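Work the whole structure out from these sequences, hints included.
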Amino acid sequence: MPETKSIPQQEISKSLRNSSLAGAIGVFFFMIVQNGPIPLMLEKLGAGGIAIGLTATLFQLGMLIQIPAAFFTERLASRKIFWASTTITARAAIAVPGIYLLLFPDRQSPMIWLTLTAIGVFSFLAQTSGPVWFSWMADLIPDKVRAGFWAKRQGLSMIASVVSVALTGWFLDMFPDDSMAGFGWLLIFASFMGIMDIVVHWFVMEPPPSPANRTLSPTKRILQPLKNRDFLFFTLSMCIWFFGLGLFGPFLNVYLKTTFGITYTHLSAIQLAGMVSSVVSSFIGGRLIDRVGLRTYGLAMVVAIPLFSGVWFFLNGRATGLLPILGTVPQPVMMLCISSLLAGGVYAAVGMLQLNLLSTLAPAQGRTMAMAVHWSLVGILSSAGPITGGWIKNFFTAHPLNITLYGGTAFSYFHVILLLHALLIWLVMLPLLMKVQKKDGEWPLEKALADIFVFTPLRSVRNAYNFNLAASTVAVNTVKKTGTIAIRAVKETVEAASRAGKESVEKVKKKQEEKRPKNG
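Add 136 to a position in the sequence shown, counting from 1, and you land on the number used in the working numbering.
Heads up, a few of these hints could be off.
Using C-beta positions, here's what the derived DEER-type ranges look like [stated by the list, open to error]:
#1 Thr351 to Phe419: 37 to 47 angstroms
#2 Asn364 to Ser315: 26 to 36 angstroms
#3 Gly577 to Asp314: 55 to 65 angstroms
#4 Asn349 to Val416: 18 to 28 angstroms
#5 Ala455 to Leu239: 37 to 47 angstroms
#6 Asp576 to Asn364: 11 to 21 angstroms
Calculated lysine-lysine pairs in the BS3-like style (CA-CA distance at most 30 angstroms, straight line) [stated by the list, open to error]:
#7 Lys216 to Lys393
#8 Lys571 to Lys583
#9 Lys571 to Lys280
The set of hints was computed from the structure by calculation and includes no laboratory data.
Being a predicted model, the structure only gives us computed values, none of them experimental.
Even glycine gets a Cβ: it sits at the ideal position worked out from N, Cα and C.
Here you go:
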């Protein structure tokens with residue numbers, strides 16, 4: 137990349153480290169705002185499925201502003217200043233409903249719409265500068281370290297996510313069930329951590345952006361990235377991916393809380409299991425990508441994802457199970473924790489695939505516009521996901537099906553959503569992603585599936601066995617050598633003591649002989 141050739145490698149490395157640190161700090165903001173706490177708060181306030189779905193839809197609809205904003209941001213000499221100013225304002229808005237909850241705990245009726253308004257303001261401002269950040273990072277990161285950097289950055293972010301989820305569940309359980317103060321403090325804390333992310337990002341250097349081709353008409357500039365066949369099919373596949381996430385994401389914790397009465401701590405434990413898997417996946421994903429190829433790696437993950445939804449059809453709210461640290465827990469918590477130890481890494485792998493392919497496929501010239509086009513299309517097509525999920529929730533709640541699943545749980549709206557999600561992934565997203573051109577040296581999908589999900593785990597078991605065997609052998613040999621040395625030392629000590637004893641006896645005899653009177 138010509139933009140980074142004149143930048144000292146030491147400065148690039150320092151900036152990449154700062155970016156990773158900032159990402160880990162910012163995770164606390166996103167895990168609270170775009171994860172479980174806000175839907176749970178709205179459910180507790182009496183919001184319906186549509187309102188809960190809007191928490192995700194508003195964020196995705198905000199992506200529509202990216203293309204108009206790109207025409208302005210492409211002319212900027214510094215992307216960093218624009219990104220920092222808009223993002224600080226956006227994240228500060230999230231603190232407003234939190235402050236309201238603490239100041240007016242008895243006047244909760246405006247809270248639903250106040251929260252949705254804050255999310256709308258945040259989404260609009262954040263999406264205005266979203267492509268700016270992605271093009272900034274794409275210009276900064278050298279091609280040769282791109283996959284490794286995103287893998288390590290995501291790994292650090294996942295570690296921070298583990299801490300965030302654990303603290304969130306523990307913190308909310310500290311408050312009485314009828315109190316909303318915990319949610320208020322969480323929103324304020326999220327806003328603070330989001331702003332700290334931007335402060336650290338200020339120490340990430342910005343290469344000069346590549347000039348955009350302004351000789352083309354606005355329409356042609358928007359459509360130009362889509363003329364790249366790979367970029368088009370990749371973008372469409374990500375639209376389906378985010379639509380599917382929006383279908384079930386806002387309702388996952390709500391379903392568990394309302395159906396099984398699971399505590400916030402147990403909800404956090406399920407997420408923590410997925411986060412641990414994500415951390416491992418992030419750090420080993422780079423090596424798997426180097427071996428099987430980026431596209432093939434992503435395809436293998438997409439094939440596997442719907443399989444993990446099967447566990448939801450076997451939950452039993454009346455049974456219990458055992459987990460380390462937590463002890464006896466409801467059976468759904470045990471089942472989902474075990475499932476998440478695998479599923480979390482697979483979901484994280486698709487996120488890593490997007491970061492890598494988006495940076496790789498977006499053209500250097502007009503990169504900001506290409507990023508805006510990608511995310512705008514994702515926003516347009518995926519924004520219907522949460523609304524669709526909310527409509528399904530409301531419909532099947534009002535018209536329940538008289539079907540009882542294997543574990544005794546009633547078939548519900550959430551199971552309908554999971555089935556629809558699986559069909560979308562296998563029948564729509566997978567074929568679109570397969571249309572992305574295969575690179576030289578990439579493995580066939582069948583071979584990669586066998587290697588990643590069969591042979592790699594077996595190799596890990598074998599390596600662990602060999603390590604334990606080697607450690608045992610070393611320990612035995614060490615004991616033998618130590619024992620031999622100890623026996624030899626004892627023997628030498630006894631011999632030395634024996635010699636010393638003999639010498640002492642001889643000296644005594646000699647002295648006695650010297651004292652005897654000599655015969656004349």
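Checked hints:
| no. | hint | result |
| --- | --- | --- |
| 1 | Thr351 to Phe419: 37 to 47 angstroms | 45 angstroms, holds |
| 2 | Asn364 to Ser315: 26 to 36 angstroms | 53 angstroms, violated |
| 3 | Gly577 to Asp314: 55 to 65 angstroms | 60 angstroms, holds |
| 4 | Asn349 to Val416: 18 to 28 angstroms | 43 angstroms, violated |
| 5 | Ala455 to Leu239: 37 to 47 angstroms | 43 angstroms, holds |
| 6 | Asp576 to Asn364: 11 to 21 angstroms | 18 angstroms, holds |
| 7 | Lys216 to Lys393 | 41 angstroms, violated |
| 8 | Lys571 to Lys583 | 18 angstroms, holds |
| 9 | Lys571 to Lys280 | 25 angstroms, holds |
Hint compliance for this structure: hints 2, 4 and 7 are broken, all remaining hints hold.
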